[in-house]
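Construct the complete structure from the given sequences, taking the supplied hints into account.
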Amino acid sequence: MYDLERVSVAYDGVRVLKGISLRIREGEKAVIIGPSGAGKST
Numbered sequence: 087m088y089d090l091e092r093v094s095v096a097y098d099g100v101r102v103l104k105g106i107s108l109r110i111r112e113g114e115k116a117v118i119i120g121p122s123g124a125g126k127s128t
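The letter at position 13 of the sequence shown is residue 99 when you use the numbering used here, and the numbering goes up by one with no holes.
These are computed hints drawn from the structure, not numbers from a lab. Be aware that one or more of the hints could be misleading.
[Said to hold, decoys possible] Within a straight-line C-alpha distance of at most 30 Å, the following computed BS3-like cross-link-like pairs (lysine-lysine) qualify: (1) K104 - K115; (2) K104 - K126; (3) K115 - K126.
[To be verified] Label-pair restraints from in silico Cβ distances: (4) P121 - E91: 24 to 30 Å; (5) G123 - M87: 26 to 32 Å; (6) S122 - D89: 27 to 33 Å.
Glycine included, C-beta positions come from ideal geometry on N, C-alpha and C.
The following block contains the structure:
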C-alpha cells in the first residue's frame, strides 16, 4: 500500500500542491495524466 498524507509541493516559490492526501491499496491502480511537459514524471 502507498499512503501519502498532507503533501505540499512548490516550484520556484510557487505552491502547486497543498495538503494532498492519497492512498493506493494493494491491487488498485492509479495513473497521473496531463499534457506533455507538465511534470508528471517529476
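Hints and how they fare:
A distance of roughly 23 Å separates the Cα atoms of K104 and K115; the hinted pair therefore holds under the 30 Å criterion. Straight-line distance between C-alpha atoms of K104 and K126 comes to about 17 Å, which keeps the hinted pair within the 30 Å bound. For a cut-off of 30 Å, the pair hint linking K115 to K126 stands: about 16 Å separates their Cα positions. The hinted window of 24 to 30 Å between P121 and E91 holds, with their beta carbons roughly 28 Å apart.
Against the hinted window of 26 to 32 Å, the Cβ-Cβ separation of G123 and M87 comes to about 31 Å, which satisfies the hint. With their beta carbons about 29 Å apart, S122 and D89 fall inside the hinted range of 27 to 33 Å.
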